[in-house]
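Q: Model the placement of chain V on the given structure of chain E, informed by the hints.
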Amino acid sequence: MSTPAIKQATLREHTRIHGLGIYRPSVVVTNDDVCQWIDSSDEWIRQRTGIVTRHRAPRDVSVVDMAEAAAREALADAGVEPSQLGAVLVSTVTHPLATPSAAAQVADRLGATPAPAYDISAACAGYCYGIAQADALVHAGSADYVLVVGVEKLSDFIDNGDRTISFILGDGAGAVVIGPSESAGIGPSVWGSDGSKHEAIRMSHSLLDIRDYSLAAAAGGNAPAEAAEARAALWPTMRQDGQTVFRWAVWEMAKVAQQALDAAGITSDDLVAFVPHQANIRIIDEMVKQLKLPEHVQVARDIVDAGNTSAASIPLAMHRLLKEQPSLKGGLALQIGFGAGLVFGAQVVVLP
Amino acid sequence: MASNEEILAGLAEIVNEETGLAPESVEMDKSFTDDLDIDSISMMTIVVNAEEKFGVRIPDEEVKNLKTVGDAVNFIAGAQS
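Order-wise, the sequence lines are chains E and V. With our numbering applied, the first sequence has no gaps in its numbers, which climb one by one up to 352 at the end. With our numbering applied, the second sequence has no gaps in its numbers, which climb one by one up to 81 at the end.
For the record, the hints were derived by calculation from the structure and aren't laboratory data. Each statement offered as a hint is correct.
Chain E side only, calculated, beta carbon under 8 angstroms to chain V, not exhaustive:
1. Arg-48
2. Gly-242
3. Gln-243
4. Thr-244
5. Phe-246
6. Arg-247
7. Trp-251
8. Arg-282
9. Glu-286
For every residue, glycine included, the Cβ atom is placed at its ideal position computed from N, Cα and C.
Chain E extracted, bound-state conformation (with noise of 0.2 angstroms):
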């Protein structure tokens, strides 16, 4: 007997960003706020980062609720129900619960139930990570319009002493609706990863490593207060080899962009802006002149008022382009994501 024949989802030819929506939560840290916690000042960190103040979130507000807030902005901006969510993917690598997902979360307050859910831990390339997966599910036809959301609340895993991170870190969400399009809207990814280098940005120890202690401290019988205080050292905050990550963001990833840009077969006069990963601006500035950015390509550099907010930046940087000038709306924008793994990810988009 042969085999049944069986339907497959039918492919669609163009997709495209329907809606942006941010959150931008309410608490401003300066540099002379950060210069209390390590022996700096504003001008040394303005120069080394770019960076003026960060927006952190307060202690209330959860990455459930900044996804929650951003996601609800670009459905509107995008016209698109809830209900027509096909799926829904959340970036981040702050949710404080490695199960459940915040994303399931998220779509069950927007109103998306039953769309599948699921969180992409790609950090500071988890946004680019979620349109090149959300391009492709409607691309082949597997849902009508997903929603990406890249948010973090990098101030729970942030160490106030680290002087190799913790200081240019903030909190935000940005959110985007991918859906079908009647032109191309969305260049091919180029995306990957380098776990070679899994050590060049990473958590300061793992969830086990309190676990053993607690188990350690109760069968030595530590003084309670001296156990907890040693405890509490071991929660996981970010470090970076910062030289190591520069050299690899700046030459590696300016391939990576170019690739980006000869498989959306276009070169950098055709773009509009270039919205790469807030990471620093020093990194920023050697990335344009490595790429030889012309002139009137306008560069995202959010990262001075909102520091860097892992995979919320990108979105976040977007939408303040697109808010200072809106002229840009309907351009092509060459966006990348990069960080912790390594991992990276590039698309040419059409700014929406």
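A: Showing chain V alone in chain E's frame:
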């Protein structure tokens, strides 16, 4: 194969491009951080440009050992031989 003098001159040119420091101030015994006031990010840019110019590989873990201009010149000379 470049002589130490040629490497020093080439390095001075790279430092000048990155920082604006006069090439003649880039001397063998000068410390990149203490004397030339070059920060870790600028140092990495100098390293990558030096790799390209001299056709050598300077691994990340080696960069922190390059305290003085002389350290860098000697490393590059050794890597070329």
